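Protein sequences, first through last, are from chains R and S. Under the numbering used here, the residue at position 355 of the first sequence is numbered 835, and the numbers go up by one with no gaps. Under the numbering used here, the residue at position 294 of the second sequence is numbered 774, and the numbers go up by one with no gaps.
Be careful, since some hints might not be right.
Treat identical chains as interchangeable: a pair holds within one or across any two.
[Claimed, not checked] Below, a list of computed lysine to aspartate or glutamate pairs in the DMTMM-like style, where the Cα atoms sit at most 25 angstroms apart: (1) 487 x 742; (2) 672 x 819; (3) 712 x 795; (4) 712 x 699; (5) 673 x 602; (6) 868 x 513; (7) 488 x 501; (8) 578 x 484; (9) 488 x 742.
In short, the hints are calculated from the structure, not lab data. Only a predicted model underlies this, so the values are computations on that prediction, with no experimental measurement involved.
Number of protein chains: 2
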Amino acid sequence: MISEKMKKLVGGSSAIRAMFEEGKRLAAIYGRENVYDYSLGNPNFPAPAAVNDAIRAVLDEVDSTVVHGYMSNAGFDDVRQTVAESLNRRFGTAFAGKNILMSVGAAGALHVILKVLLNPGDEVLTFAPYFVEYGNYVGNYDGVLRAIPVDAATFQPDPEALAAAVTAKTRAVIINNPNNPTGVIYSEETVKKLAAVLERKSEEFGAPIYLLADEPYRELAYDGLEVPFLTKYYRNTAVCYSWSKSLSLPGERIGYLVLPDELDGAEEIIAAASIANRMLGFINAPSLMQLAVARCLDCEPNLSGYDANRRLLYEGLTKLGFEPVKPQGTFYLWLKSPEPDEKKFVEKGKSHNILMVAGSAFAWPGYVRLAYCVSEDMIRRSLPAFAKLAAEYGLK
Amino acid sequence: MISEKMKKLVGGSSAIRAMFEEGKRLAAIYGRENVYDYSLGNPNFPAPAAVNDAIRAVLDEVDSTVVHGYMSNAGFDDVRQTVAESLNRRFGTAFAGKNILMSVGAAGALHVILKVLLNPGDEVLTFAPYFVEYGNYVGNYDGVLRAIPVDAATFQPDPEALAAAVTAKTRAVIINNPNNPTGVIYSEETVKKLAAVLERKSEEFGAPIYLLADEPYRELAYDGLEVPFLTKYYRNTAVCYSWSKSLSLPGERIGYLVLPDELDGAEEIIAAASIANRMLGFINAPSLMQLAVARCLDCEPNLSGYDANRRLLYEGLTKLGFEPVKPQGTFYLWLKSPEPDEKKFVEKGKSHNILMVAGSAFAWPGYVRLAYCVSEDMIRRSLPAFAKLAAEYGLK
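Using the sequences and the accompanying hints, generate a full structural model.
If you want it as structure tokens, here you go:
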């Protein structure tokens, strides 16, 4: 009774979400403390106290019909202005309120810009491994997502591979930096080279190729590493941001889309984005949360907490003989499967109550993803289970 | 630089939203108190105090990682269960939590069910006058919306017209009751006849025609009138609900989709809806608001306040010689234009700082819509302006 498109999806569904549901099932059987769930990017640290304080203050100070009411589809004017100024302070940009559209998370922002840009059959490129839901997002607008493998040694995008992949149909490139699932940060050097390729190819094909920066993990960068702000390197860049990870608000669906004046067709794109936000059913980003996050723009994530988790897990797994990629950002660890078929590795993990997501779910078999946005205690308790798993493979 | 589909929309845009922006512009020039803005369905009454109390209580009592975290894409299990039980108490239904999907408002719920049901080229029927955004919603999934005129005297749907309009391609019928823009409530008698037509036609074409009940105005029914709960009259009904109007929370984007077990293909539809909610970019309904509204299910709208507005405006306009349809529900008044081209009437109204929405925006020229979810005081102050407008037309 469901549509043909949905039939395929119900079959495939999301491996990540399936694992999340599996975690709930195992926890019911074995007790939550005996399940080591590394499946979902659901932040373990609570939102900074400033967030709930801001929510309470908004409720106390602002008229209810404003707090909970409709505003322009692009968001509250003052919130947009405040976000623009915050970005300008942090990145030396020159955005005004009109360059910001408040969105239902980064996913909502991506949908809005894809709806605005794509004609049926247009191609969108991204770098694998990648968040496979991108394929569904692009497919919603009858575009075609094509993934370009990153350099298998460094997990950095390969500019020459990008150059080879661009065609006359390429309308946009999605870059997720810091990267889910690898935890790698695309360096300034990489970004400059990618920008040069896109400039050259836009000129060659006589039409702009838009860069869509998907950046929910922007603030999660370790060891003092910088995450290049892409509008400064490439003119035709739109930024999709979410406070889901930085402020531990994934359930609230609050983020924004940056549409700089420098975009080819900026005025038209900005007007269309506001309409797209409405007609895709979002209408507007949740109002109370818009007002609350605008008061928390200087709040910082619990970076030291995630860093402690990162070190504990990375060092623990390394000692056991596993081969993890050292995460530079995000709260994901990308681990080489000890056997070629990582799905079997995931299954063996499950028999020790360890939940990991197979790399196939990111179009990159042979690896698994561990989300370490979990309690440090869970990581400690999981290491003996990993030790048993390592023993099964005869590691070390 | 934008897609072909969006180009058409940027040109057309929303007449309602354009009026909303126009209202902000006029208020800046003439002062808010001198603009009579009847354009937007943005509730004037604040949310019941219980809503903000519930938000504060949730923040105080529930762990932050739960309040603001991811949950299953369909919503918090306990919230879904609570909503189901509330519906069962009110309507004598027998829903379980699994029959409820928490959504980003009624618009989000409509998008989810349309995504689940529609193949390209499928037809969706609705009754004109109607919320024209339905056309965009259906178009998002490459369906075709066709509107059937209601009876021009009663503004009730005509079952025979429905029977004549159904084809082998008809996949769904959207019914908005109480109705935006007419303020009419489709009676039980009408509903029974529509259900009989759909039963007959489903059998004739050998495939179910789904009824999509869009019900954000359910609780806004005056003079003790009952709004039939459609799942009780027609098996293949999905209900799209929002607390936007009943609890004055339009900016928060919180509602639900009811998918009864009695639907043909219920199991498949329920599974697909959860995936659609995720892959359309909603991911899930805003988490804090899910938890808050679950504590406010017995809250009632300020019906007496809207009723006072309704009487004041209806009687005021009638006395001036206008011909309004007496609203039975919603907070809209449907007014016959004193000249055939209601767009000219809207323009003349604007010259008196009265903002109304042309019926053409609802595919029904010759009428205008006035949203009386405004202060009683604004209605009183607007009547002298309406008197001048009436004089221009030589009414009474």
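Please sort residue 672 with residue 819 into within, between, both or neither, judging by C-alpha distance up to 25 angstroms.
neither (36 angstroms within a copy, 62 angstroms between copies)
Is it within, between, both or neither when you check residue 488 against residue 742 at 25 angstroms Cα-Cα?
Between copies, since 23 angstroms is at most 25 angstroms while 39 angstroms is not.
Please work out whether the CA atoms of residue 712 and residue 795 approach to 25 angstroms or closer within one copy, between two copies, in both situations, or in neither?
Answer is neither; intra-copy 36 angstroms and inter-copy 60 angstroms both fail.
How would you classify residue 488 and residue 501 at a CA-CA limit of 25 angstroms: within, between, both, or neither?
So residue 488 and residue 501 pass the 25 angstroms test inside one copy only (20 angstroms; across, 42 angstroms).
With 25 angstroms as the alpha-carbon cut-off, assign the pair residue 673 and residue 602 to within, between, both or neither.
Classified as within; 24 angstroms inside a copy, 46 angstroms across copies.
What label fits residue 487 with residue 742 when the C-alpha limit is 25 angstroms: within, between, both, or neither?
Close across copies (20 angstroms), not inside one copy (41 angstroms); limit 25 angstroms.
Intra- versus inter-copy proximity for residue 699 and residue 712 (alpha-carbon distance at most 25 angstroms):
Classified as within: same-chain Cα gap 17 angstroms, cross-chain 51 angstroms, threshold 25 angstroms.
Homo-oligomer pair classification [residue 513, residue 868; C-alpha up to 25 angstroms]:
This pair counts as within: shortest intra-copy Cα distance 18 angstroms, inter-copy 73 angstroms.
With identical chains, the pair residue 578 and residue 484 could be close in the same copy or across copies; at 25 angstroms between alpha carbons, which is it: within, between, both, or neither?
Between copies, since 23 angstroms is at most 25 angstroms while 39 angstroms is not.
Hint violations for this structure: numbers 2, 3, all remaining hints satisfied.
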